[in-house]
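Participant: Chain by chain, the residues run as shown.
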Amino acid sequence: MLKVSIYRYNPETDKAPYMQDYELDTQGKDLMVLDVLELLKAQDQSLSFRRSCREGVCGSDGMNISGRNGLACTTPLSEAARKGKLVLRPLPGLPVIRDLVVDMEQFYEQYKKIEPYLQNDTPAPAIERLQTPEDREKLDGLYECILCACCSTACPSFWWNPDKFIGPAGLLQAYRFLADSRDLATDERLSELDDPFSVFRCHGIQNCVNVCPKGLNPTRAIGHIRNMLLTRAV
Amino acid sequence: MVVVRTVTSFGRSGTFDWLYQRVTAVVLLAYTLFIVGFIFFSKDFGYQAWSELFAQRWMRVFSLVTLLSTIIHAWIGLWSVVTDYITNRMMGGKATVLRLFIEVVLAAVAVLYAVWGIEILWGV
Chain A
1 MLKVSIYRYN PETDKAPYMQ DYELDTQGKD LMVLDVLELL KAQDQSLSFR
51 RSCREGVCGS DGMNISGRNG LACTTPLSEA ARKGKLVLRP LPGLPVIRDL
101 VVDMEQFYEQ YKKIEPYLQN DTPAPAIERL QTPEDREKLD GLYECILCAC
151 CSTACPSFWW NPDKFIGPAG LLQAYRFLAD SRDLATDERL SELDDPFSVF
201 RCHGIQNCVN VCPKGLNPTR AIGHIRNMLL TRAV
Chain B
1001 MVVVRTVTSF GRSGTFDWLY QRVTAVVLLA YTLFIVGFIF FSKDFGYQAW
1051 SELFAQRWMR VFSLVTLLST IIHAWIGLWS VVTDYITNRM MGGKATVLRL
1101 FIEVVLAAVA VLYAVWGIEI LWGV
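Protein sequences appear in the order of chains A and B.
With the first letter of the first sequence counted as 1, position 119 gets the number 119 in this note's numbering; the numbers rise by one all the way through.
Plus 1000 on top of the position in the second sequence (first one is 1) and you've got this note's numbering.
With the rest of the complex left out, here is chain B (with noise of 0.2 Å):
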């Protein structure tokens, strides 16, 4: 039997990653609710209110979750949508070399996104 190996993706299983981006979704919806809800609900909505919410730890990490959340849930679909579109099969070994930059890219980008949105967290 043939066997499907592969390194770039994200739970090395593809049951882990379909698990981590069913998860990552449910995080993404929570959170998204939540600040839909804060933004019509809160009395008087502004900056007060805002920076209030943001100032309190447990909404900094809720936010850092869902950051995480969200470079996960990008990782697993993006890397689904490269390794359908940009084949070997197709492509011959051409497509080695532009899935494995553009997954760089992806991955720099991530990180980027990661320390600048615990600075932006942490930093106000």
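In isolation and in its complexed conformation, chain A is listed as follows (with noise of 0.2 Å):
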């Protein structure tokens, strides 16, 4: 039998948050997370979290497994629980709405900033805007990102200033379209990160390239766009 032990909040009826553990009978299956919350939920209906696509790629099933950041979906059993023990806590650091949902605001208002789109004045050419492969390249292991909040809900910085600091996702994804050939607003992009929270909160302690359930490394980016700031200063 795994013991799953679980973060419960209903605003609406719960004064405070509380954790309620089930059992359930996994026949020996190395189920992954996500499909035991399903079959708790079938048990238990009151129970809530986000979930789509259930293979990884739209993001919405990011929440603390066994006290790590991760996607549900993605993640086994075998990987998550110890001692026949799972623990389901919801991503940390945001307001809760209820069990495992969390209000996402924050994180999205902040990837917001970075205008997070394509930015270039020049007439658009007849079919598209070409690349090299070379500059194409540059952009592998930037656009994976399924904004999942794994890796800037795992961050102490952005937990103390998530109205003032990036946050490893949205930095990660700033430093996509400053190193895109195509845009042409690096040095706006560059002037709007300059200040001592956006990009320098971050302190190298790489909790983000430890969780993301994508292999991504966002401290990597945050280096470079450093290296931007740096170079465009002194």
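Simulated from the structure, these hints should not be mistaken for laboratory data.
As the structure is a prediction and not an experimental result, all values here were calculated from the model.
Idealized CB from N, CA, C, for every residue including glycine.
Treat the hints with care, since some could be wrong.
Unchecked claim - Which chain B residues face chain A? A few, computed with CB under 7 Å, are given here:
#	residue
1	1013
2	1015
3	1018
4	1119
Using the supplied hints, reconstruct the complex from the two chains, each of which is provided in its own coordinate frame.
Facilitator: The following block contains the structure:
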């Protein structure tokens, strides 16, 4: 029997959040954490969590799984359960709407700040703006982000200043556009990042790298941004 | 886009704060290595060797530069700590008062140490 301890909170009926224990017969299978949640929801319909694609593409089911942020759909029990026990909590640092569902507003607000779209005022060519294969390669390891928020909510700097520090997810995307040969707003983008909070609250502890379910490296991207800022400043 | 502006950071830009903190760290490391090296490698280390070292102008300047580096390094570091843990988001208006109070105390301590340091270095 698998023991599962889940963070429960319904603001309409509960005064405070609490941990609820469940038991589940996994029949010896190495299920994904999302499968476990679906089976438990069949037992207890009040259990709330987000999910959509169930294959690590949509980024909906980011949560704290036995102390580590990850996607429930791509995390197997063999990785997540310790001594037959699984502990599920919402992503840390964000306001809880209900159970494992968090309010992602702060996270999206930071994503919005970095203007995550191509900026190029020159007349559009007849077909499309072309890149050399080398320039296209610079976007590898950046464009794959699914905005699941596992990284930003694992970052203490984001916990303390979610309104001022862009956070690893936003900064990875900021660099994705800074590194794009077709984007012409490089200087404006850098000017917006030059304050002591947006980029520089990153102290390089690499929690983001440690938890990213897509294996991306926001710390490296932040280092590139810092080098661009430094090159411009001195 | 919401722009973050700060008045009490040291360099008034994240890039310069970051740079000053690294440069001052190198100065602190150099001074530490020099002092430790001097203590371990001078033939008969004692009051005589120590006061002869500090009688030289370059050593006084090196010490003063290190003292100022300590102040800058500490200011940038503590300012980060204060703005991490004492935020208006968590504490409301009280945070502004508390942060300002701590920053004024830190600034007073910085000035005190700078003046006192100069007195000591050029007073012996």
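Participant: With 7 Å as the cut and Cβ atoms as the points, is residue 1018 (chain B) at the interface with chain A?
Facilitator: holds (5 Å)
Participant: Close enough to count: is the Cβ of residue 1119 (chain B) nearer than 7 Å to one in chain A?
Facilitator: violated (33 Å)
Participant: So, as I understand it, the hint says residue 1013 (chain B) touches chain A; can you test that by seeing if any CB pair is closer than 7 Å?
Facilitator: Holds. Min distance 5 Å.
Participant: Does the CB of residue 1015 (chain B) sit less than 7 Å away from some CB of chain A?
Facilitator: holds (5 Å)
Comparing the model with each earlier hint shows a violation of hint 4 alone; every other hint is respected.
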